[in-house]
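Novice: In the order they appear, the protein sequences are chains A and B.
Positions 1 to 177 (the UniProt record's numbering) are the ones given, in order, by the first sequence.
Positions 1 to 180 (the UniProt record's numbering) are the ones given, in order, by the second sequence.
Everything labelled a hint here was simulated from the structure, so no lab data went into it.
Some hints here could point you the wrong way.
Stated by the list, open to error - Some chain B residues close to chain A (C-beta under 8 angstroms, calculated; not the full set): (1) D6; (2) V8; (3) P60; (4) G61; (5) A75; (6) A79; (7) K100; (8) H102; (9) P148.
Owing to the predicted nature of the structure, the values given are computational and were not obtained by experimental measurement.
We treat Cβ as the ideally placed atom computed from N, Cα and C, and that holds for glycine.
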Amino acid sequence: MYSWILRVNTVLTLSVTVLAALCAVASMTDGLHRPSPAVELKVLNVGPLERLRNGDDRIALTLSIKADLESVFTWNTKQLFVFVAAEYWSPEEGFNQISLWDTIIEKKENAKIDQQIKSKMLRKATRVGYFTYPFQGKDLRGRDFNLTMYWNVMPISGAFFTDKAVVPGFQLPISYN
Amino acid sequence: MGAYGDAVAAIKATNFRHIALQAISLGMIVTSALIIWKGLMCFTGSESPVVVVLSGSMEPGFRRGDILFLHMGKAPIRAGEIVVFHVEGRDIPIVHRVIKVHENVEKGDFEVLTKGDNNTGDDRLLYAQNQLWLQRQHIMGRAVGFLPYVGWVTIIMTENPYIKYFLIGALGLLVITSKE
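So here's chain B without its partners, still in its complex pose (with noise of 0.2 angstroms):
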């Protein structure tokens, strides 16, 4: 007998107070992950706490594959910070550096201009037709740390769906077959 056949063995000796179990235990680790990502989301006041790196306009800071954890904040936004914003028309968020801030006192708001490391120009070209600057609307959250490779995972995941729902599978089986 080998795990298949134990596994086999678990769901036939399945009775309904198990499955009950075992249909309670599953929405418990789905809702957990869920109650951790809406929570980050009003801790950090962005609408994406993580994010995963896709482009190597940031190398050699960022690469392909890293997380970057954002953080919104009040202090308002200067020269140097790394900051995702949304352009009218695109899907994908960006993540750049800020390098010329103007504010507008009356307004209460912000113009800012930004470039990424490894690009030569700056984003003009990136943003919507006519437009110069990023304003407060724009911007999704600024980046205050940092975790190397891990995006990979979800990299590897939306690109090839089927490791995702063997995966998904498999850790279904496993929340099943086990007793406790």
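Chain A extracted, bound-state conformation (with noise of 0.2 angstroms):
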């Protein structure tokens, strides 16, 4: 027996499947992409480092940006979520990252960037109830750093992913202003 409820039910079901299987193939079809990025980052200037009263640590940089990301544009692309990063180790700490420049890329043909920025790396002090403390190892003095920078992928449908490019070699002053 057959009612027009059964067939509408039968028919939503169908293309609800059919579109979420579509879905899953356009974003397998990323994984088979192979970009080939170009990136290229550079420190201009390092400013003074300097202890702020409330503890933090903050440092100026002036950074030159160039990138070209075109080919990891995909028709899965919606839009690159682009940032810059200083990135360090310390014993105390691990691994640490600060975010110093981002960008969104809506089109394939903005993806190429050539910035000179200038951005503050800022190091918050750990703060106990009312007290600042500015701990042994949580400061930026002498850090060696890599600048790294990161494009989030952000389909469409699908599955998110994340490549990066990292250019080592960079350190900060050993003493405060």
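Reassemble the complex: the two chains are provided individually, in unrelated frames, and hints are given to aid placement.
Specialist: This is how it looks when you write it as structure tokens:
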């Protein structure tokens, strides 16, 4: 026995299944894509290192950011979230990442980046109650750091993924200004 | 005789055996939905494996009504990842991107700071008073997959409960009146 409700139900179920399968396949094609991005990151100027009143460490950096991410785009790419982070390692804290700059690229035509930016790298002090403790090893003095550009690929539908380019070999000042 | 007449006839024709059968098939549907949900919870390690985006703070990446699939995973959380976290004193969890990470080797813990892509400032204003960082216990999962628009179904249903009751009623009627 068939009624129109049953038919509507069948059509709906089928269309949802087909759409889900199409989304899954579209997402899988991203895995076959091999991009060839070019990234060039430079530190043009390192400002004086400051210890602020509240215990935070702050330093101004001037960066040159050049990248060509056109090849990252596929037919299932909605946007790229691109950011540059300073990364360093310390025995007390392990791995640290501080994002210095970011941008959203929605179109393939805009995926060439060539910018000079000024950014402030800030390490917030640990606060216990009212008081601020600039704990040993939680500051920015003399850190060897690398600059890493990450691009987080956000799909029209499907899985996210992130890729990166690492440029090592930078150092922060050893003493405060 | 329209569909309504068919339905009435079908209800009239039922006997005890039929009623029992239909009760069981209804129960099967409810329990299998529950099994899928709980199974997803085990598989993804997240207490809510699927979330619906409610605000525009991550636009244009996520819009209201989009669906996110979460996975907890063992890998440490890194800048650029989109995490779902809850803040003390707020009922609704927030989906934002990690922009700073500081690990603590001694405690085996981490401190992260988040920001909505569409917001100008970081999330310290959204956190609880005097809270500077998110830690392990605040994070409910990280977004691994995306599906646009589908979440509108739940948004519409929570905002208009009558549509929800109508749909549940219609589905129940469908199960009861179907012969197989």
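Novice: May I ask which of the numbered hints given earlier this structure violates, with the numbers listed in increasing order?
Specialist: Failing hints, ascending: 2, 5.
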